[in-house]
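Asker: The chain contents come next:
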Amino acid sequence: MSKHPQKAADFIANEARTDWHDQSLWVVREKRDKLAKGVAEWEELRELASQIKDHTLSHLDSYLEEFEKNALTNGAKVHWAKDAEAHNQIVLDILQRHQVRSLVKSKSMLTEECSLNPFLEKQGIEVIDTDLGERIIQMKNEPPSHIVMPAIHLKKEEIGELFHEKLQTEKGATDPKYLTEAARQHLRSHFLQADAALSGVNFAIAETGGVTICTNEGNADMGIHLAPLQIHCMGLEKVIPRQKDLGVFTRLLARSATGQPITIYTSHHLKPKPGGEMHIVIVDNGRSEQLGREDFRNSLKCIRCGACMNTCPIYRRSGGHSYDYTVPGPIGSILTPGKDLKKYSDLPFASSLCGSCSDVCPVKIDIHQQLYKWRQIIAEEGYLPKSKTKGMHMAAKILSNPTSYQRATKWMRRILRFLPRPLLYLNTNVWGKQRELPEVPTKTFKDWYKENRDES
Amino acid sequence: MKVDILRHIRANKAHPLPLPEYTAFSYDFNPQEKFIELMGAVGGKVLLQKEPLTLDQLSTLFGEGKSIYSGIDDINSHVEVSKLKAHELHKIELVILPAQIAVAENGACYLDESVLPHRVLPFICQHLILVIDAHSIVGNMHEAMEKIDLSKEGFSIFIAGPSKTADIEQSLVIGAQGARSLTVFIKN
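Just so you know, the protein sequences line up as chains Y and P, in that order. Just so we're aligned, residue 1 is where the first sequence starts under the working numbering, counting upward by one. Just so we're aligned, residue 1001 is where the second sequence starts under the working numbering, counting upward by one.
In case anyone wonders, no lab produced these hints; they're calculated from the structure. Among the hints, erroneous ones may be present.
Once the Cα atoms are required to be at most 20 Å apart in a straight line, the calculated DMTMM-like pairs of lysine to aspartate or glutamate come out as [stated by the list, open to error]: (1) P:K1013 to Y:E439; (2) Y:K410 to Y:E439; (3) Y:K271 to P:D1149; (4) Y:K69 to P:D1149; (5) Y:K244 to P:D1074; (6) Y:K140 to Y:D93; (7) Y:K171 to Y:E157; (8) P:K1013 to Y:D295.
These numbers were taken from a predicted model, which means no experiment stands behind them.
Excised from the complex, chain Y in its bound form (with noise of 0.2 Å):
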């Protein structure tokens, strides 16, 4: 068996617990929806934002040197990164050249495709993640499971177990607000020694050459400002054309991602802080090359938002751990086999199609349709499991000729009436683990309609 329907399993196996999974994020689902309800031209604003983005990645490479000239303008130093390797090793350098011992950091998916946390730990640097959810997964050494709300499978107990481990919190204290003020305190004292700060970028304006972050909690901010040396990690794919643009991204991110009007901080960083530096670094890591592939480029177009993991019914059942990477969900179905199609080739397989994902995303990129895509290139390279190909060849062969058709409903009605459950639900049968097949009719369609055909 592949691995995402593995650890599926794994994670299904606790019902109550996957039931209290489904609905969390489907409480979010929920405030999204009410919020976009909220804004009349909001389908407007998807197309906008879905063409301001096309437009952007079909000039990227002037607006990603628009943006470079007027952040170095700025007095911002500009770094690029083809890859991973590239990226740590830049922000390495950067830190010991300042002689850096302890970073603070704030939410970066990007930084945790790199996985840049161990890289930085091994050579003697403490890094510290200061979202809330972050820092949570951080102590309990795992990779977040949402792009958005990291700690999401975790339950209060469990988190208070470890603060009480690791922050010497109340034994048995769950209280949310008691460990957040905990978490608060803990990680001021951390903002208040940090030789340098280190964040994701939300959007790159390439008119100002100026980056934005959008967060709740203020850690960035704590994190940037306090710090003389803040450097800002970024895809090649987050800029954005003009200051006007935010405008539009804005209004869209955080309604989509939590159901919030707007983050409660969105800050726009130009320059570097009176006697600071700042430095942003600009990372490839096979994006480029997902855009040369037509059919899926515009998964690019992603703002992060998290609304197509909170919307899917396999995500919301299944888990972020599940899909081993650290963009999740649909849009990590999408993003992962252009990184790696043997590795990642179950994840497209992780969709109903039922193209829910694609109903929600702000910048309307077609998930759904690029999951059927990816599907047929994973099948044509050789990478399906045979439990998926035997069938597929069964039923080809069947479905191809309308003899070879009727023989089977005819005979398949009769046989599967009297086939004893056990052989019925085989472990072959991946479909009918935990489905019933649906009641055999007495009679074929066929037969129905030749009996009631109105002759007249």
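Since the structure of chain Y is provided, determine the placement of chain P on it from the hints.
Answerer: Using the frame of chain Y, we list chain P on its own:
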């Protein structure tokens, strides 16, 4: 590295697609009413009055004897930010700052470095008070973007409520890493 990446992009990008032109979307609400409604929804407090803000008012709201940094004329500062090191700024409890504009549709208040003796002030304080002129409330983000200039100051920000998190079981907790409360004082 840069040259390689850009060359790769040029080889792979799609045929040029147009940048859509658009103007600010209109709205049918009263900006001030909408702003007050939104502030309530995100856990902020609104003071609406003609008279200037007084120290007595602050004492009633936040308790006596708080250390204050004030960026408005009506209230005196207790601290001289320039004399404090960055790491001593957390001792300031109340920070009062003028905001340039406020956005009705989401409760966001905009200010830039020109009113910040230190960039961390609005985050590191325990309680933040933003002062806004009633005439400076705009309807939506499009209008806001037409009125501000992000290229002007080294740092600028929209603040739309007190710091908050829902990272523990989606329970909303006000007062994560930034200010524990936000009060917006609307002068009309």
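Asker: Now look at each hint and say whether the structure bears it out.
Answerer: Against the structure, the hints:
1. About 51 Å separates the Cα atoms of P:K1013 and Y:E439, which puts this hinted pair outside 20 Å; it is violated.
2. About 15 Å separates the Cα atoms of Y:K410 and Y:E439, which keeps this hinted pair within 20 Å; it holds.
3. Restraint check: the Cα-Cα separation between Y:K271 and P:D1149 comes to about 14 Å, which is no more than 20 Å; the hinted pair holds.
4. For the hint pairing Y:K69 with P:D1149, the CA-to-CA distance comes to about 18 Å; that is within 20 Å, so the pair holds.
5. Among the hinted pairs, Y:K244 with P:D1074 is inconsistent with the structure: their alpha-carbon atoms are about 34 Å apart, more than 20 Å.
6. Taken as a hint, the Y:K140 and Y:D93 pair is broken in the structure, with Cα atoms around 28 Å apart against an allowance of 20 Å.
7. Straight-line distance between C-alpha atoms of Y:K171 and Y:E157 comes to about 10 Å, which keeps the hinted pair within the 20 Å bound.
8. With a C-alpha separation of about 12 Å, the suggested pair P:K1013 and Y:D295 falls inside the 20 Å cut-off, and the hint holds.
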